[in-house]
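**Student:** As a plain string of letters, each chain reads:
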Amino acid sequence: MTRLSVFAFAVVAAFPAAAEMYEVTMAGSTYSPPSITARVGDTIRFVNDDVTNHQVFVAAVGYAFDLRNQPAGEIREMVMLRAGNFEVECVVHEHMRIAVEVLP
Amino acid sequence: MRTAVVTAGAVLAGIVFTGPLLAGPDRVTWPANFDTEYVLYNIVYNGQNQRLRMLYVNPEADAAARSGELAPNGTILVMVDRAAQLDANGLPILDENGMYVSEGEILGNVFVMEKQDGWGVTLGLDVVQNGDWDYATFTVDGTLRDNPTTGCFACHANRPQRDFNFTYFKTVEDRGS
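Chain order of the listed sequences is A and B.
Under our numbering, the first sequence has 29 at position 29, and the numbering climbs by one with no breaks.
Under our numbering, the second sequence has 1103 at position 103, and the numbering climbs by one with no breaks.
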């Protein structure tokens, strides 16, 4: 069963007009697409369409977030809060990466 | 001659058995006053519970750390949770430097990982070795908790290319010093 985090619902209220949603999938323990260019206020939706658990994580100072253990079938989201560049990782699978650029 | 052999044997036995007996959380340092005397090197927002993971390193180790290199002997990393300050929409507030803003007291335990030369070799625990790192969980007043650390070892084993830690190696690498 798909479950959205409470955090996800804040997105709509915070950026009702211009915000975009970018979807990332995880099948085969691979993030797709491999890169995203977004703007501050946009949301990245992480869909675990894989058969194993993943854990979305960013380690870069100033951008760091952790969406915790995400079982297969679950969806997690994160709003882009500030401009810059960082890499999204998976805690469990070191090779899984997405390059994210957030424009002002 | 026989006395010497017996003595040598006893010393050797002591060396062999002392390592495993000393392994584990008991040998990890309680980082007293970490929140005022250590370096706050990163803050991670937990999007699931709206908490902040505050990450500290002892200043001596931080001064000696070099980009792309393993953390120096004696490195102590500390992790605690605090509540994130949220705006009216439930999003974390950032300060003028773009960092998350915490509020309130430490929530839960104080998690520590420490690195000392030889600890990996003498570990003696049924865990995946994480270099020379060992782990411990303390209460906020410094009392060692009897928590198993196998989960710490298992999770940190996912970052062998970063000296078995998720944030500190990268922080040093990113700052380029």
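The hints are simulated quantities; they were obtained by calculation from the structure and are not laboratory data.
Keep in mind it's a predicted model, so treat the numbers as computed, not measured.
Positions of the beta carbon are idealized from the N, C-alpha and C atoms, including for glycine.
Take the hints with a grain of salt, since some may be wrong.
Said to hold, decoys possible - Have a look at the derived ranges for each label pair, beta carbon to beta carbon:
(1) A:Arg39 x B:Asp1026: 47 to 55 angstroms
(2) A:Arg45 x B:Ala1157: 40 to 48 angstroms
(3) A:Arg39 x B:Val1101: 20 to 28 angstroms
(4) B:Ala1157 x A:Arg39: 21 to 29 angstroms
(5) B:Val1039 x A:Asp49: 23 to 31 angstroms
(6) A:Ala27 x B:Val1128: 36 to 44 angstroms
(7) A:His95 x B:Val1039: 13 to 21 angstroms
(8) A:Asp49 x B:Ala1154: 38 to 46 angstroms
(9) B:Leu1040 x A:Ala83: 19 to 27 angstroms
(10) A:Arg45 x B:Asp1087: 32 to 40 angstroms
Unchecked claim - With the Cβ distance kept under 8 angstroms, some of the chain B side facing chain A (calculated, not the full set):
(11) Asn1042
(12) Leu1094
(13) Gly1108
To be verified - From chain A, some residues computed to sit far from chain B (all C-beta separations above 12 angstroms):
(14) Pro34
(15) Gly62
(16) Asp66
(17) Leu67
(18) Gly84
(19) Glu87
(20) Val92
(21) His93
(22) Ala99
**Student:** Of the hints given before, which are not true for this structure?
**Tutor:** Hints 2, 4, 5, 6, 7, 8, 10, 13, 15, 16, 17, 18, 19, 20, 21 are the ones this structure does not satisfy, whereas the remaining hints hold.
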